[in-house]
Each structure stands twice: as structure tokens, then as C-alpha cells.
Amino acid sequence: MKRLLFFIYCIPGLLLTVSAGAQIKISGTILDSKNKGVKGANVYIDNTIDGATADSDGVFSFTTTEKGNMTLVVTDPKYKLQGMPMMLTHDTSGIVIHLLNAIRNLEDVTITAGSFASGDRTKTVMNPIEIVTTAGSNGDLVKAMEMMPGTQQTGTETGLFVRGGDASEVAIIADGMVVQSAFSNSGPGVPGRSRFNPFQFQGVAFSSGGYSARFGQALSGVLDLNTTDLPDKSNVNLGINSGGVYASGTKRWKKSSFDAGGGYNNLTPFYKIAKTNFNFYDVPVGGSGYARYVWTPNKNAILKASVNTSFSHSGIKLPNPYTDTSNSFQYLGDSIRFTNRDLNTYGSISYKQVFKNKYTLFTAASYSLDRTNNSFGNDYFSFPIKQDEHRAQFRIEGKDFVTNHFTVSVGAELQSFGLDKNFGYGYDTQNKQVLTMAQNFIETQEVAYAEAEWTPIYWLALKPGVRYEHSTLLNKNDIAPRLSMAIKTGMHSQISLATGVFYQAPGNLYLLTYTDPNHPTKLTLGDSINMQSAIHYIANWQWTKSDRTFRIEGYYKSYQNLIRELNTFYDPNRYRTSIDGTSINNSGYGYAQGFELFWRDKKTFKNTDYWISYSYIDTKRLYENFPVSATPTFIAKHTLNVVGKYFVDKLHTNFSATYSFSSGYPYYNPNRPQTEGNFLKDVTTPTFNNVALTIAYLHSFGKWFSVFYLSADNILNTHNVFGERYIYNSANQTYMQSPIVPPLYRTIFIGANFSLSQFSKDEL
Amino acid sequence: MLMGALSLSVMTASAQQDYTTPLKATWDAFDTTMAPDVQMQLANKLVLISKKWSNDWAPHFYVALSKAYMSYNEKDEAKHDAILDEAEKELGDAVSILGKQTDETWVVAAMIANSRLAVNPMQRWQKYGKIFNEDLENAKEINPNNPRMYYLKAVSTFFTPKNFGGGKKNALPYFEKADGFYAKEDNKDVNKPYWGKARNTYFLAQCKIEDKE
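Top line first, the protein sequences correspond to chains U and Y.
Heads up, the first sequence is in this note's numbering, so the first residue is 239 and it goes up one at a time.
Heads up, the second sequence is in this note's numbering, so the first residue is 11 and it goes up one at a time.
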């Protein structure tokens, strides 16, 4: 590197001597590697206060009374310090010193393959304000992630769909703990909303692959959330919107804080105005409450403890998907009622301590219980689907900052989770009663991991890691190696690469069915079933300069050992409660490949932030009850998002608009044979189009800071279609086709938030 | 060359002197100028003083303070942070020589946090606004009569948009409070920081000019 060289030109006269006693004048020029003057460089005789500052041409001049062997030193924050020994005997001019760029003046090389890292030294893709000001997100942080590359638009499904994976393949982690039930319980075709308030978190980091060895049990991606630390000050926060009301309060002491809050949602007034596509006989109602305590015993430690609870219920009337065969639910009639009831509780505690600014210790534990009491039926019968999902977990992690360029972390995790399920599977016509059965499983996973972050030279960063996972239920051990790296290719650009092996246990439905001792096709899981796995290969090139980012990323992902149901027919119902009469194995497989473009610019236009993300995907898989390999129904080949935000100072108003586009989604047409090339061949038309708008107006009423907002999703009222549903009509023995549509086309939501911080003139 | 003259006046003292004379002369010049180029030259001079008398806390303290001041002029985020990294290092040196945090070191820490915020308020207010307030609270606990913490709070409020609780009207009480405490100080001993008075007076006058918005 030519920058590694530096030249000091001294004119020959420098070493000549003159008589002592007089003041000596020293002058010259300070230049950078491109021979441009370094304005502001500090030039001085070491260990004296004699010196000068270079002007815009790099020229400096000063006098000194010092004599003899001295060192001329040049410093500037942007460059490496340079020293030049000299003999001070007489006036010296024409000194030219070239400075080298300091390493830290280059933007740090950061590994970005598969993940989004932005400036400000944190790996945060979006902060809370950015989430709530993104039109179309409706204040839901997971929905906001759908504006990033690598994700699918979903209007009728719950969860995040990343690079060919279904919603189960993304792990959502809060403070190192797996969030078990991240989304509200909802009926078929009604997308559940994530349970989080974006303001709970300092930031959100999203990885669409190739992620750290700290995380596992996710074939596709990780959403890593970090809760806020000690709040600024005591405050009260109140809100009302067309869906409900909420209130919270925070009390801040010097080293600790307590906050608590609650909310109540009832969509009755909203659904009175809005036209829904579904028949809600029980309009969604819910409530929640939380309490949180934060304590910083010293400035290098923080303890956080919280409990959260929430309930919800709703009911919708749907076409009966089981009218076509001699299915036990056939006689429910043409339409069924589906009722949701849910009670979710979650408690967690975490502690982080930094020792001597060199070591960190992090421990966390949590317990969660999600109790759903769903049912489906008609006016006369009701089949229960009761389910208790529970999870206890613990994590301990140590990190050693060995040097500025080398850190090592090691950690261990214990996960114990399971399900207790009780559901109706048929009706005894003689005794006139619903037949129910119970199933349950408990899985314990023991995990250990190690990871190093090494920057051997300023243009190279390496992050190797390895993760060991033991599954008690499957009686299997797996080792998942991970590697990611970044190479700087210029002042503002870099290449990142990532690869690794990722494991995930079979879905709950399979673990339940095949550990049931009464099940006719019970498998001894330890003998025959393995973890499902995926291998990721990711490469990107990213250019970042002063709040402008461009990046292109390509990936290939291969799926192995996916769970497959054998000798079965495809059932498009994604809400199956049991799998009867089929056996399973790990013979499923698949691939996903594609590329993504991302451009974000917060700089060009004042008070404006906009980004464009485009994703192309080609994926096929053979898994679950697919008869042959096909592109799943939640995949659109092309996805585009254009998000813009503009803050008008004068009006104190933030405007945000989002345009989203997806090409069509494959759907199941029972009129086609279930063979390769025919199965899931049809793709919906028209394409998905959505224009969303959010306007937020800020105003202070005395000490109350308020935000009034209006958020409109699908303002053009486009009739988007996410698939086609075929219902067998036994009367004329044909399939009736109807489009799968979201619960609402256009939604308009209004609300206001008021907050009061402790404030008096004497206080700071 | 104005700067040449300033440098000379600072340097004429004998080599055996202690740091207080050159430090006071340089700092006083810095504290009363608003010209960025002059500030830069004086800040460089402060660096030299801190290098020569590196075992004394005050020279490091004033280097940190001068860099915190100047960082506000740098709009490039990376360079802005590089200057503040240096300021933080110098402040850390001052604190470790002192063996403790004082109200004055907390105030400078608060100023550094405020400058980190100022370069990108939309992205940073959440993190650095909090640190700023905490540092000021810590200062207040040690000495509630320190005018500089009220001055910093005042300036921060002054530049905060009106609808976020800022603006001239909201800043005025803080400037007035600072002014009262400044009046009780003298500027004789550079080891007892007295900085900020000139700027406080300037802003106080600004606040009293009719708010036209």
C-alpha cells in the first residue's frame, strides 16, 4: 500500500549549523497522500509549547528558542502521528511532511453479509422512531422488516418469511432469549401482529442468513432485539387510537427505574366503519399489562427484569375446508366458526457486567407460557383446540476483548420447551359427544458456542464460530460451523461473505404426533429423525458514504433433511391439528437462490430519508405434505419496496409513504394432478400492490408532548389476492374457487399519544 | 497573522514556568473567539501544553473542552466522532490524574455527549440525550451551583425544536440561572474552570430578542 509509506523531505540546509542564542524560525508544508494541504494539522517541537497550525495549503511557520536535538511532531485527528528528528541550530524552511491516513479514519470494516448494520457503531437496522414512521408498518416492528430485502409481503399469514423459508424458520430473540409466541393469536387468514411495542427496544438487528453462532434453531433468519436500558427520567405516557387505549408510567431513581403499563384493544368501533372481507362474529378484543425493573448497581453493570401478560379473543366465520371427502368435519356444513382465545405470559431477567473494560459476562433466564383455547365448529358442535405452549431457557455468555482487534466469546444455552395439546378429532353420533384426544411433548436442548472476531489488518475482518446443539428428544448431536468475513475494497466500499450450517427441530405438529405413545405410527424419534438443516452461502458488495448506502447481495441456500410426510395427499389447510395415518422421515430437501438490491439515502434531500429494496428469489422445496418439489405458496419471485420519509420543520409534521409490490403467489389447484410441474403451478394474478401513507403531527401542550397520527394502508383500495382457495361443493361435485384476500383491503387508523416528562425549572 | 501574535504572547514566558500562565492565556483566547480557524490554532496550542505538562490534569481538561467545542463545526459524522474520541481520551486522562470525577469533568462529559447527538439528532437523540442528562445530573449532585451545567442545558434547549420542548422561550430560564451563578465566579484561576460566561451572555441576549416564529 502506497499509503503505508511516507516521505519526509528535508532540505539539505536543515542540518547546517548557525550560531546559538537567536530565535529559530521553522516553516514548511504538511501534505496528505494526495499532496493536498492538511488544514489544521498541529506542528510542534516535542515536549515544548512551540508550534503552529497548518493553514488550508498545509503551510506552517513558527519560532522557537529551543536548541539542539529535538523532534518535530505533526498530529491531526484524521492522520497518523508523524515525528521527525531534527537538529535545531538555525532557521529552517521548506520542510515537507506527508501524513498517512489513520486506520480509524476509514470507516470500520464490518461484516454485513446477510445482515443489516448501519452507522453509529451499533448493528441496528432500525430504531423505534424509524419503525413507527415507516408507512405500512402500522407500528409493528416485524411488519417494518418486510420493507427490507430478503422478505416476502404477507397479507394473510402470520410471521416473517425470509429467503424461501416459512415463518417457523425465523427466530425472534429479545435480550438473548427466544421469544416463544412473538405474534398475537389469530384465526386462519388473519395475520397476527407482533406483540412488541417498538419503544421497548433500543434497536432491531435483522439477519436474513449467515448469522452468528450465538443463535440457532432457525433455518432462515434471526431478528435480534435489545431492550432499552435505564430510561431518561420519570414520565407518563397516554395513548388512544381507533383500536384502543393504553397508558404507562415510569419512575426513575438514581440507579434504577420501574415502569408499568397496560392497554385495552377493541376493534368494534373500527370494524363498524371499515368494511371487512371476513365475517367477524366476535370482533378482536385484547388487553395487556407489563411491569419492568432496571437496576445499574455500578456503571459497568445492568440488571433487567420484566413480566408481561396479554389476552385476546376473536371469532370468524370461514368456508369449511373439509366438505370434499368423508372427512369427520364434513358435516359441519358449508361454513364454520373459528374462535380464538389466548392468554400469554412471559417473564425474563438478565444481567450484564463489564470487568476492567476487558471482559463482559451476560446471563439471562426466562419463562413463557402461551395458553390458547381455540375451537371450531358450527352453531351446534364445537371442536376444541386447547394448547399450552411453554418454554424455560437460560443463557450464559462471556466475552474477552483480548485486543482492539481480537475478541472471543463463549456461551452456553439451555432450552426446555414443549406443548400440551387437547383437541377434538371427531364426533360420536351415537353418544352425541365430541371426541377429544391429548398429546404432549417436552424437548430439552443443550447448546454451547464459541465465536471470535478478528481484524488482523484494517481492511479485513473475520468472524469464525461454532455451535454445538444436543437434542434430548431426538437424541441427536449436531455441530454447526459458521464463518463470515469482510474485505475492504476502497474508502467506502467492502465485500462481505458468510456461510454456515443451521439446524432446526421438526415442527411442533410432528413432535407431538410422533411422540404420542398411542399414535399408530409412533416413531422412536431418537432412532430415525434428525434435525432439519440448511447451508447458506452469501456474498455482498456494499458502498456507504455519508448516509448513503448501496448494496447488492446474492445468496444460495440448500435445505436438507426437511421433514416429509409419506404416502399422503397435499392438504392446503395450514391449520391442521393432527396428522393421521402417515409416517415421516427426513427425506425432504430444497433450495433457495436469489439476489437483492438496496439503496438508502438520508443525505441528498434535506429532512428526507428514503430507501428502495428489491428482492428476486428462485426457490423450490419438497417438505411436509408436498407430493413433489414445488415453489411454496408464500413465495413471490419479485418483491419491491420504496419507502420515503419527509419531515417538514415548519409544520412539525412527518410524512411517510411506502409503495410495495410483489409478483404473483403460487396456489394449489386441486383440478391439476399432484405431479412435478403441475403441483402449485398456478400463480395469482394480478400482482400485489400497496400504497401506504402515514402523517404524524407533533405538538406541545405546555409540558405535554403529543403526537397525532393518521396511518392509511392500501389507500388505493387495491383488491390484493394472496392465493386461491378451492372448496368442494358436494351438491354438484365440483370445486368452487374463491380468492384468498386479507381481512381488510384499505385500513385507515388514527390516534394520538401524549407524554409528560418530569420537568421543573429547577431541575436539569 | 493574528494567530502568530497570539502564539508569541503565549510563548514569551520562560521555560521553567508552570503551565498555568500559558494555559490561562490560551484558554482565555479560545473562550472569547468565535472564529473557527483561530479556535483550531488555539486548540492545537492547548495540545502542546498538555503534552509538555502531561502529569497535570488541567491541560488535559482544556484540550478535551476545546475539542468538544470545535467538534460542533465538523459536519462529517466520522470526523466528528474522531474529534470527540480524542476529547474523551483527554478527559479520561484528566480524571485519572485527578483520581475522581468532579462537577467540571461531568459537565465536559455532558458536552461531548451533546455534540455526539448534534451531528445526527434524528438518529442519536435517544442514546446521547440520555447520557447528556445523566452526566449533568452527576455534576449537579456534586455541585448544584455550577453555572456551566445550566449553560449546557440552556444551549441544548435553545437548539432543540420548539415542538420537542426547546426554543428560545424554554431556554431562557436556564441561561438566566447560569448567568446568576456565573456572576459569583471570577476568572483568575485556570485550575477552577470558569469557562462559558461570554457565550452565556451572548445567548441570553439572543433569547431576549423577540421570537419571530
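It should be emphasised that the hints constitute simulated quantities derived from the structure, not laboratory data.
Keep in mind the model is a prediction, meaning the values are calculated, not measured.
Check each hint, because a few of them may be wrong.
Said to hold, decoys possible - Derived DMTMM-like pairs (lysine to aspartate or glutamate); straight-line CA-CA distance at most 25 Å:
1) U:LYS277 <-> Y:GLU98
2) U:LYS858 <-> U:ASP785
3) U:LYS596 <-> Y:GLU144
4) U:LYS537 <-> Y:ASP38
5) U:LYS590 <-> Y:GLU195
6) Y:LYS62 <-> U:GLU914
7) U:LYS305 <-> Y:ASP113
8) U:LYS316 <-> Y:GLU84
9) Y:LYS202 <-> Y:ASP38
10) U:LYS489 <-> Y:GLU144
11) Y:LYS179 <-> U:GLU914
12) U:LYS840 <-> Y:GLU144
13) U:LYS318 <-> Y:GLU96
14) Y:LYS137 <-> U:ASP839
15) U:LYS537 <-> Y:ASP113
16) Y:LYS62 <-> U:ASP470
17) U:LYS783 <-> Y:ASP95
18) U:LYS316 <-> Y:GLU195
19) U:LYS537 <-> Y:GLU147
20) U:LYS590 <-> Y:GLU98
21) U:LYS277 <-> Y:ASP38
Evaluation of the provided hints:
no., hint, verdict
1, U:LYS277 <-> Y:GLU98, "22 Å, holds"
2, U:LYS858 <-> U:ASP785, "37 Å, violated"
3, U:LYS596 <-> Y:GLU144, "24 Å, holds"
4, U:LYS537 <-> Y:ASP38, "34 Å, violated"
5, U:LYS590 <-> Y:GLU195, "43 Å, violated"
6, Y:LYS62 <-> U:GLU914, "81 Å, violated"
7, U:LYS305 <-> Y:ASP113, "41 Å, violated"
8, U:LYS316 <-> Y:GLU84, "12 Å, holds"
9, Y:LYS202 <-> Y:ASP38, "13 Å, holds"
10, U:LYS489 <-> Y:GLU144, "15 Å, holds"
11, Y:LYS179 <-> U:GLU914, "73 Å, violated"
12, U:LYS840 <-> Y:GLU144, "29 Å, violated"
13, U:LYS318 <-> Y:GLU96, "13 Å, holds"
14, Y:LYS137 <-> U:ASP839, "22 Å, holds"
15, U:LYS537 <-> Y:ASP113, "17 Å, holds"
16, Y:LYS62 <-> U:ASP470, "40 Å, violated"
17, U:LYS783 <-> Y:ASP95, "20 Å, holds"
18, U:LYS316 <-> Y:GLU195, "37 Å, violated"
19, U:LYS537 <-> Y:GLU147, "14 Å, holds"
20, U:LYS590 <-> Y:GLU98, "24 Å, holds"
21, U:LYS277 <-> Y:ASP38, "23 Å, holds"
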